[in-house]
Amino acid sequence: MLISAYFRLIRAGYVLAREGALSIVSAKDLPGPLKLGIWLGRLIERPSVRKTGHVERLNKALNRLGPTYVKFGQTLATRPDVVGPEIANDLAGLQDKMDPFDPALVPGILSAALDGKAAELTELSPPIAAASIAQVHRARLKPANGLPRTVAVKILRPGVSQRFMADIESYYAGAALAERFVRSTKRLKPTQVVETLDRSARLELDLRLEAAAISEMAENIKDDSGFVIPSVSWDHVAQNVLTTSWVEGIPIRDHEALDAAGVDRKALAAKVLQSFLRHAIRDGFFHADMHPGNLFADPRTGDVIAVDFGIMGRINRRERRFLADILYGFITRNYRLVAERHFDIGYVPKDQSVDDFALAIRSIGEPLHGRTAQDISMARVLGQLFVITDLFNMQTRPELVLLQKSMVLVEGVARALDPALDIWTVAEPVVGDWLRKEEGPLGRVQDIKDQISIFAEAAQRVPVILGQAELALADYHANKRPPDRLMRWALVLAAAAGTIFFAVATVRVLLLGS
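Quick note: the sequence shown uses UniProt numbering, first residue 1, plus one each step.
FYI, nobody ran anything at the bench for these hints, they're computed from the structure. Given the structure is predicted, the values throughout are model-derived calculations rather than measurements. Certain hints may be false.
Stated by the list, open to error - Between beta-carbon pairs, the in silico distance windows are:
{"id": "1", "residue 1": "D355", "residue 2": "E219", "range": "22 to 32 Å"}
{"id": "2", "residue 1": "A267", "residue 2": "P148", "range": "29 to 39 Å"}
{"id": "3", "residue 1": "A260", "residue 2": "D355", "range": "48 to 58 Å"}
{"id": "4", "residue 1": "G93", "residue 2": "I3", "range": "44 to 54 Å"}
{"id": "5", "residue 1": "D264", "residue 2": "G116", "range": "42 to 52 Å"}
{"id": "6", "residue 1": "F72", "residue 2": "A267", "range": "28 to 38 Å"}
{"id": "7", "residue 1": "E399", "residue 2": "E216", "range": "15 to 25 Å"}
{"id": "8", "residue 1": "N145", "residue 2": "R371", "range": "54 to 64 Å"}
{"id": "9", "residue 1": "W234", "residue 2": "E366", "range": "48 to 58 Å"}
{"id": "10", "residue 1": "G432", "residue 2": "D223", "range": "18 to 28 Å"}
{"id": "11", "residue 1": "L359", "residue 2": "D264", "range": "37 to 47 Å"}
{"id": "12", "residue 1": "E399", "residue 2": "A260", "range": "37 to 47 Å"}
What the hints assert, rightly or not - Subject to a maximum C-alpha distance of 20 Å in a straight line, what follows is the list of computed DMTMM-like cross-link-like pairs (lysine to aspartate or glutamate):
{"id": "13", "residue 1": "K266", "residue 2": "D298"}
{"id": "14", "residue 1": "K405", "residue 2": "D283"}
{"id": "15", "residue 1": "K189", "residue 2": "E319"}
{"id": "16", "residue 1": "K437", "residue 2": "D264"}
{"id": "17", "residue 1": "K142", "residue 2": "E123"}
{"id": "18", "residue 1": "K142", "residue 2": "E169"}
{"id": "19", "residue 1": "K142", "residue 2": "D235"}
{"id": "20", "residue 1": "K142", "residue 2": "D115"}
{"id": "21", "residue 1": "K97", "residue 2": "D254"}
{"id": "22", "residue 1": "K186", "residue 2": "E169"}
{"id": "23", "residue 1": "K266", "residue 2": "E256"}
{"id": "24", "residue 1": "K189", "residue 2": "D344"}
{"id": "25", "residue 1": "K186", "residue 2": "D390"}
{"id": "26", "residue 1": "K186", "residue 2": "E399"}
{"id": "27", "residue 1": "K222", "residue 2": "D303"}
{"id": "28", "residue 1": "K266", "residue 2": "E428"}
{"id": "29", "residue 1": "K350", "residue 2": "E340"}
{"id": "30", "residue 1": "K97", "residue 2": "D115"}
{"id": "31", "residue 1": "K437", "residue 2": "D223"}
{"id": "32", "residue 1": "K186", "residue 2": "D198"}
{"id": "33", "residue 1": "K97", "residue 2": "E256"}
{"id": "34", "residue 1": "K437", "residue 2": "D224"}
{"id": "35", "residue 1": "K266", "residue 2": "D254"}
{"id": "36", "residue 1": "K60", "residue 2": "D99"}
{"id": "37", "residue 1": "K189", "residue 2": "E179"}
{"id": "38", "residue 1": "K97", "residue 2": "E248"}
{"id": "39", "residue 1": "K60", "residue 2": "E86"}
{"id": "40", "residue 1": "K266", "residue 2": "D422"}
Backbone N, C-alpha and C fix where the C-beta goes; we use that ideal spot for every residue, glycine too.
From just these sequences and the hints, can you work out the full model?
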C-alpha cells in the first residue's frame with residue numbers, strides 16, 4: 001500500500017471531523033475503539049459546529065475530498081431521518097448541482113471520442129446537471145440517416161478516473177487499518193466491501209457499459225408499466241461519452257412542482273419502491289444509484305423516469321429468493337423464516353441459535369408493523385441492527401452490499417414522497433406474487449433446470465476422473481511395479497461411485513419434475 005494512500009485517508013478524516021461529520025454519528029452502540037476515535041475526532045470540530053450543533057459545510061467538504069466521498073454524501077441526502085433534515089437538504093446539492101468542468105473542453109472531448117459522429121451532435125447546451133462523475137448536456141442529434149431528435153449527452157469529467165482510483169486506494173488503507181486494530185470489524189469484511197465498491201467504480205467509469213446496462217434493463221421491463229428509461233444512440237457512445245434519448249419530467253425531489261402538476265405522490269412512492277423490488281427480485285438486475293437526482297416523474301402519466309445507469313446491481317437466483325423471503329417474513333411477521341434465511345445464506349454463523357436470532361429479529365420487526373414511515377426512527381432501527389449484528393457475530397456478504405445500499409436509497413426516496421408510506425403493504429404485491437410463482441410449476445421447472453445444470457457439470461468431470469485413474473494404473477505398469485491392489489480397487493470404486501452418484505442424482509431430478 002502506497003504511503004500516499006494513508007496521507008489521503010488522514011486528510012479525509014481531518015476534513016470530515018473538522019466540518020462536523022462525526023457529530024451525526026451515534027457512538028452509543030459502537031465498539032470501544034471506534035467510540036474513542038469519534039470522541040477524539042470531535043475535539044477538532046469547527047467552533048461553530050461545537051457551539052451551535054449545526055453542520056453547514058459538509059457538502060463542500062465532501063466535494064473537495066473526491067468523487068467517492070460525494071457518492072456517500074448522496075446516500076446520506078436521502079436519509080433526513082438519520083442525519084437530520086438540514087444536513088440532508090445541504091447534501092442534496094451533491095446529486096446533480098456540482099460545479100461543471102470547463103465547457104471549452106467539451107468539443108474536443110466529443111471529437112476525440114466519437115470521431116466524425118461528433119459533428120451530428122449540434123446545439124449543445126451548457127451543462128444541465130453536474131455530479132461527481134460526469135455532467136449532462138442537452139443536444140440536437142442530426143444523423144445522416146434519420147430524423148433529428150433531442151438527446152442527452154453525458155460526458156465523464158476529465159481526470160475523474162485518477163481521482164476515483166486514488167480515493168479507492170485510501171479506502172483500502174482504511175479497511176486494512178480497521179481489520180488490524182479494531183477486531184470487531186473483521187466480521188464486516190471491510191477489505192472485501194471495498195473490493196466490491198472498487199469493481200463498481202471501474203464499471204461506472206466506462207460509459208459503454210452503462211449503455212449496455214440500459215439496453216439490458218430495457219429488455220427486462222419492456223412489458224412493465226410505471227417505470228420509464230431512456231434509449232441509447234449506439235453510434236454516439238464511447239468510453240467517456242454516452243448519448244441517450246431526452247426524457248422530460250419533474251425532479252422527484254421537487255415536491256411543490258409535483259403537487260402543482262397534480263402528480264399523486266403516494267402513488268409515485270409506491271411505484272419507486274415496487275419497481276426497485278421487481279427489478280431486484282424478478283430480474284436480479286437493478287438500478288443501484290436511485291438517489292433523487294436520478295429520478296423524475298412524468299406529469300402526464302405519473303410514471304417514474306430513471307436516468308444514470310452507471311452503477312447497477314446484480315444478484316443470483318438464490319440471493320433473490322433470500323431477499324424475497326426476508327421481506328415476506330417481515331410482511332407476514334414470520335420471524336422464524338427471516339432468521340432461518342439469514343443462517344442459510346451465511347449471514348449468521350451456524351454456531352448461533354436460530355431461536356435466539358428470531359427473537360432478536362422480532363424485537364426489530366414488531367415495532368415497525370402498523371406504523372407509517374414518519375413514525376419510524378430509522379436512526380434508532382439502524383442502531384439496534386448494529387447491536388444485533390455484533391451480538392450474533394453476523395458476517396458481511398460483500399456481494400450484497402450494493403443491494404443493501406440501494407434499499408436504503410429507495411426507501412429514503414419513497415418515504416420522502418409519502419411520509420405515511422406503509423412499506424410492508426406496498427411491498428407485498430411484488431414480493432408475494434414472485435414467491436407464489438416460485439412455489440408454482442414455473443418455479444419448480446427452474447429448480448429442475450438449476451439442478452440439471454449442476455449435475456451436468458459434475459458429469460463432465462467423471463471422464464476426467466476415469467482418465468486419471470487409468471493414467472495412474474498405466475504409470476504403475478510402466479515402472480514395472482505391481483500396483484497396490486488396495487489402491488487399484490480404491491480408484492475403480494471412486495470412479496464407479498461418481499458414475500452411480502450422477503445416475504442417482506439424475507433420477508432424483510426426474511422424479512422431482514414428475
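Can the restraint linking K437 and D264 be considered satisfied, given a maximum Cα separation of 20 Å?
-> Not satisfied, since the Cα-Cα distance of roughly 30 Å exceeds 20 Å.
Is it true that the CA of K405 sits at most 20 Å from the CA of D283?
-> holds (18 Å)
Holds or violated: K437 to D223, with C-alpha atoms at most 20 Å apart | The given pair, whose Cα atoms are some 17 Å apart, holds under the 20 Å limit.
Decide if the proposed pair is consistent with the structure: K142 and D115, CA atoms, cutoff 20 Å inclusive.
-> Given that 20 Å is the threshold and the Cα spacing comes to 15 Å, the pair holds.
Does the hinted range 37 to 47 Å hold for L359 and D264 at CB?
-> Because 40 Å falls inside the window, the suggested range holds.
Does D235 lie within 20 Å of K142 when you go C-alpha to C-alpha?
-> holds (12 Å)
Proposed proximity, E319 with K189 (alpha carbon, max 20 Å) | holds (19 Å)
Is K222 within 20 Å of D303, Cα to Cα?
-> Roughly 14 Å separates the two Cα atoms, so the pair holds.
Just tell me: holds or violated, for the beta carbon distance of A260 and D355 against 48 to 58 Å?
-> holds (53 Å)
Given the hint that K350 pairs with E340, does the C-alpha gap stay at or below 20 Å?
-> holds (10 Å)
Can the restraint linking K142 and E123 be considered satisfied, given a maximum Cα separation of 20 Å?
-> This hinted pair holds, its Cα atoms lying about 10 Å apart.
Distance restraint between K60 and D99, which requires alpha-carbon spacing of 20 Å or less | It holds: about 11 Å lies between the C-alpha atoms, which stays within 20 Å.
When the structure is compared with the earlier hints, violations turn up for hints 1, 4, 16, 18 and 30 and for no others.
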